[in-house]
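Enquirer: Model the full structure from these sequences, guided by the hints.
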Amino acid sequence: MSRAAARVRPPQGAALAFTILALVLSVGAYVIAGLGKRGHVPVTIALYGSIFTIGYLAAFFVIRRVAPLADPALFPTACVLTGLGFAMIFRLSGGLAAEQATWVAVGLAAFCGTLLFVRDHRQLDAYTYTIGFLGIGLLLLPIVPGIGRTINGARLWVSVGPIGFQPSEIAKVLLVVFLASYLNAKKELLQVATARLGPLRLPAAKHLAPVLVAWGTSLAVLFLQRDLGASLLYFGIFVVMLWVATGRAAYVVIGLVLFAVGAGLGYLAFSHVQLRVDVWLHALDPKKVFEQGYGQVAQAQFGMATGGLVGTGLGRGSPGLVPFASTDFIFASFGEELGLFGTTALLLMYVALVGKGLAIALRCSDGFGKLLAAGLATIIGLQTFVIVGGVTRVIPLTGVTLPFVSYGGSSLVANFVLLALLVRVSAGPAPRRGGG
Amino acid sequence: MDRQIRRLGAVMLAMFFILFAQINYLQVFAADRLADNPANAQRQLIAEYQVDRGSILARDGQTVLAVSHKGPGDLRYERRYPNGPLYADVTGYYSFIFGRSQLEQSANDFLAGTAPELLPQTLTDQILGRPKRGATVITTIDPAIQAAASRALGSEPGAVVAIDPATGDVLALVANPTFDPNEISSQDPDTARKAFERLNADPNKPLVSRADAELYPPGSTFKLVTAAAALANGFGPDSQWDNPPVLDLPNTSETLSNFGGEHCLGGASKVSLADALRISCNVVFGEVGLALGADKLAEQARAFGFAPASGEGDVPFDIPFVEGVFPDPSYFADRVPAIALSAIGQDNVAANPMQMALVAAAIANGGVEMRPRLISEIRDPSGRVIKTYEPQEYSTPLTPENARILTSMMVSVVENGTGVNAQIPGVQVAGKTGTAQHGDGLAPHAWFVSFAPADAPQIAVAVIVLDGGSLGSEATGGAVAAPIAKAVMEAALGR
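Same order as they appear, the protein sequences are chains B and X. Note that the first sequence ends on residue 1236 in the numbering used here; no numbers are left out. Note that the second sequence ends on residue 490 in the numbering used here; no numbers are left out.
Hints listed in this document are in silico derivations from the structure and should not be mistaken for laboratory results. For every residue, glycine included, the Cβ atom is placed at its ideal position computed from N, Cα and C. Fair warning: there could be bad hints in the mix.
Some chain X residues judged to face chain B by a derived CB distance under 7 angstroms, without partners named [unchecked claim]:
#, residue
1, Ile0
2, Ala30
3, Leu114
4, Thr117
5, Leu285
6, Asn416
Computed footprint of chain B on chain X, listed as stretches where at least three residues anywhere in the stretch have a Cβ under 8 angstroms from a Cβ of chain B [stated by the list, open to error]:
#, region
7, 184 to 193
8, 302 to 313
Expert: As structure tokens, this is what we get:
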């Protein structure tokens, strides 16, 4: 009695229809951006059009072959986000678009490769520590002298020859796999409360170690790499997964306290953290708005205000006035050119991805799969909240990418791998050759 | 774990709810406030340059004074002035960095399309996805007269204003030095900044129009105002006045002398008011002023539009206009000699060509002074007239009878007085010269104020050439300014 048999097979053709819709939206947005900016269909239409067409359809057929029971909307939703992001990047810079198109192809290949390679997500459960060490290793790789590179004040990059990448993006996915596996195995131990701290019932100190490791890793990332956003993200995922695995509120409380301590230390230790907080509070202060660091957040607000309800139209606004318009601030670029309607649609797509991810976690019958899907969905949700909240001044800005949308190869490839894992959990094990 | 996953979903939803609330706040509720933030200059600039700004046209509705061209890049429309400096003092400049001046500023609501009259048009354009378009401003400027004025003034420092006496239409408005508004209005910030800094640092202030925004002693051209007051108070053109070589001023040892120290009319014992105007006799006009008193002179000057102090005038005009100044009578209470000096346009009396053209136009128009008018109508982008500015009376400084008498006195000035250089064959010209001292050792300002034809005036002109222009201390209003006025009148009369 396999779990797959219990699954409701999605309506035939729905996945294909969604994929074609995603293709039409992606290529359509790119063509409209070209028309809006230059008044003619982009001359690169044949090249980029075929990358998207071949890439999406190839991935669709891989899903149909090795994960036929996959959620039909998951992959197409990510494709729409990818396509819209590409259209915006294209409209901001033809050069960046060429790179992003390459990364879209690599990302889709990584998606297919992951689905083909991981034929059953439970395979991964066997390599808990290997994956964990690999993740931490990748995370700390940029600190290694000689290959680490500091870009925009954060030491996140690794350069080998001409190829640069951000290993933390892949590390993020590996760490979720590790945590899902580790916590699933240890959840009973971590649930047992043997110590008391005031009203909180805590597990034995040795079982608390992983939380402290998580905290330490986050702080290390913060202090050694000066990457606020990633630090926040890792810590959030650790705490969330710990809580999901154990159901103990104590972890959340301790997590929040540790976060407050870490954030306080970061604030005291680093002027750039102080600056981020001050920018958050005073971005539009007329006395400060022309100072370094304040302008970018202020410009993002202005851009979104310019967009208003319906936006200026793709290619018709001036999102380039906002620094980092294609990476950290790409959400503001959408706010300007697609208006509130566009930003609402974008956010709804993330709500759909997160909701789908959590629903997959609920449906999955094994603990590892549940934790994995919930963790992956949390990454998407938390990361979206951190960057969109930062751009819109809900929280201080910390530089992370907007999943699938922002320019950036490492991020895009990592997100497609993440997506492949979610698709795999949703679909269950790949059918055996000749079988169903 | 399922319970936690469901709760996690609720937490995530709550977080996204915060984001939804915030984007609604930013993009709808706070959008206008953010758009107007002073730090948002770049986007405001872009928004402004996205507008197909309306043209400024001459009275023929054809000649382009200012127009917006489609340019490259984000700054879509670029402001151009096809005639360079020729109409600069009418249109002004249009710069995001340095603001706007003259009509570009005062008619901005129409030109930029923000005036309420344009709302239906703007909404239609928005729905159809067309760029916002501004309205066309039709001015009263006559290109032929403007060109003639500019040519006649040449490189002399000074200004020329020509008015249609019957309507108050400003037919020409030229000042020297002027500037090329294309430079300041350039979308290249460097070009604009360099031009603005150079023009702003120039001691001759090219950006401030000498035609209507600066004040100078009007000298003997002010005798027209004094003469009008005399006529209004019972002193006819034939009234006889003592003619000493110099006028002893009361309560002081000072005297008032004639131009060049001459004795008026060859030393005749009596001089009529008409002759005194014809030969511009200072001594007699000093007497007239003293005989009338400060109250009557001030009253007459007010009726022509002179203000008690700079910037306190009430003559409406479409671009910044600093009315002439004649001090409040209280000023003369313990300065009786100043009344004689003021009567000949010295002391604290001040004017500019716009003010003096209004004086001439009022005399020419039977004593009725029309409001100066620079904009005649506004047309929406499809050519429909959405607003018309009708000629309006400003005041009645003279009775029709006195206007007729003063006109004939002014005709004598040109026929056989100080203004012979303004004679036009076959046309009766009325005029008055002025040679205004404005400091020891400085060459006088040369003035000429006139209108033609005297019996049915079509144009009134006021000309000032500062510091005597190329003639320097040898200059007189008749020698330097009258020929310029003549050329402008000829252009208007088609000669």
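Enquirer: What are the numbers of the hints the structure violates, in ascending order?
Expert: Those not satisfied are hints 3, 4, 5, 6, 7 and 8.
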